[in-house]
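So the sequences go chain by chain: E and W. Under the numbering used here, the letters of the first sequence match residues 1 to 169, in that order. Under the numbering used here, the letters of the second sequence match residues 1 to 162, in that order.
Incorrect hints may appear among the rest.
As the list claims (entries may be wrong) - Among the chain W residues that face chain E by a calculated CB cut under 7 Å, a handful are:
hint, residue
1, R18
2, S20
3, L22
4, G25
5, L55
6, E56
7, V57
8, Y59
9, L62
10, P162
Hints are computed from structural coordinates only; laboratory data are not their basis. Glycine included, every Cβ here is placed at the ideal spot set by N, Cα and C.
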Amino acid sequence: MTARCWVARTDAQPRGAHACAKLAGDAGWLAAWHQQERPCPGALLGDPAAFDSGGPPAWISLAWAPEGFDVLFDDPAVQRARQLVLEDEPPSAVTTLSRDASHLGGALTARRGADAQRRLRDDPFARVIPAAILEIGPGLIGRPKPPATVVTERYGGAPWPAEGFGSDR
Amino acid sequence: MTRLPDLELLDHSANRRRLSELVGGDPAILQTYRGPWCPKEQRFFRRLVALQDELEVSYCRLLSLSVDPPEVAYAYRAGLGARWPFLCDPDRRALEELGLRETTDATHDPYVPRVYVLRPDLTVHAEYDGYWFVGRPTLSELVRDLRAVSAELRDDWAAPTP
């Protein structure tokens with residue numbers, strides 16, 4: 001079975017992460033692990049294509065559901081957010097973050113360029129889950145190709161927008 | 001069995017894409033179109049925009065291709081509310097490779113309107129010549145074609161039962 005991609009926010013630089021980067025100010029670190037087991041409490045499942053230890057800095061809109069905030073991944077509001085991502089100019093990277101097979105834990109949308117911070121104010125996922133716009137240093141956010149498809153469903157258990165059956169994590 | 005070449009083109013956001021990458025492992029529709037100025041294309045795109053709500057839950061893909069540069073395709077796509085990739089061939093290299101130059105329009109030098117339903121290996125399951133509008137596929141015909149390709153492709157096409 002292919003290793004999963006776990007994403008977590010930590011106060012200090014995490015150990016054993018595949019990729020990590022510091023958030024600006026005192027906002028801590030964001031990290032990704034490629035492994036089957038959850039690396040720490042609260043870690044969520046993301047699309048590994050969004051993460052690269054060689055990735056340059058970026059601005060991100062990080063929507064992270066607080067404990068007890070349950071949103072079904074298939075909720076129409078979440079479906080609409082995925083549609084809006086596909087309608088708009090593709091971000092530098094995007095991934096839903098899943099708590100489990102049924103529930104959305106959040107989403108990460110990254111942009112680069114002069115108007116990145118402004119563009120992130122329109123993050124569709126921020127309409128569903130509270131989001132913070134943060135500047136992130138190098139070492140985490142990749143440069144994946146934009147979604148190739150109109151499909152908004154998940155392929156098996158893989159986080160959106162991972163494509164193709166057999167990419168189950 | 002005709003197979004389309006694995007074209008490499010810019011998309012509406014000026015990202016370089018390959019046809020095989022955009023089709024992935026799914027059944028796909030590839031539409032070539034004249035341009036936003038053509039009333040027949042405007043009408044047919046309304047049909048495709050209606051279809052996208054079904055494709056998004058069908059694990060089937062949709063691509064549109066014209067001679068428009070990315071900035072034109074981007075604006076047209078946004079105006080339609082389309083959520084699928086638009087491919088751009090302003091140099092008309094893919095047009096020549098596919099043999100789809102519409103010779104009657106010396107002004108725009110566009111693609112002949114065609115719709116292909118493709119298997120993941122880019123072989124053509126069905127082809128529609130849209131030079132006359134009623135030659136274009138209806139939504140029912142496209143769904144029928146996608147159903148046939150999906151039934152060939154999906155190992156679990158028959159619903160699993162105890």
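Each hint tested on the structure:
1. Evaluation of the R18 of chain W hint against chain E yields a violated restraint, the C-beta minimum of about 10 Å exceeding 7 Å.
2. A distance limit of 7 Å between C-beta atoms decides the matter here; for S20 of chain W the minimum to chain E is near 10 Å, and the interface restraint is violated.
3. With a cut of 7 Å, the hint placing L22 of chain W at the interface with chain E holds, because the nearest CB-to-CB distance is about 5 Å.
4. Interface restraint check for G25 of chain W: the shortest CB-CB distance to chain E comes to about 5 Å, inside 7 Å, so the restraint holds.
5. Because the beta carbon of L55 of chain W sits about 5 Å from the nearest beta carbon in chain E, less than 7 Å, this interface hint is met.
6. The closest approach between the C-beta of E56 of chain W and any C-beta of chain E is roughly 4 Å, which is under the 7 Å cut-off, so the hint is satisfied.
7. For V57 of chain W, the shortest C-beta to C-beta distance to chain E is roughly 5 Å, which falls under 7 Å, so the interface hint holds.
8. Evaluation of the Y59 of chain W hint against chain E yields a held restraint, the C-beta minimum of about 6 Å falling below 7 Å.
9. At about 5 Å, the closest approach between the beta carbon of L62 of chain W and any beta carbon in chain E falls short of 7 Å, and the interface hint on this residue holds.
10. This hint is violated: P162 of chain W has a C-beta 21 Å from the nearest C-beta of chain E, more than the 7 Å allowed.
Violated hints, listed in ascending order, are 1, 2, 10; each of the other numbered hints is respected by the structure.
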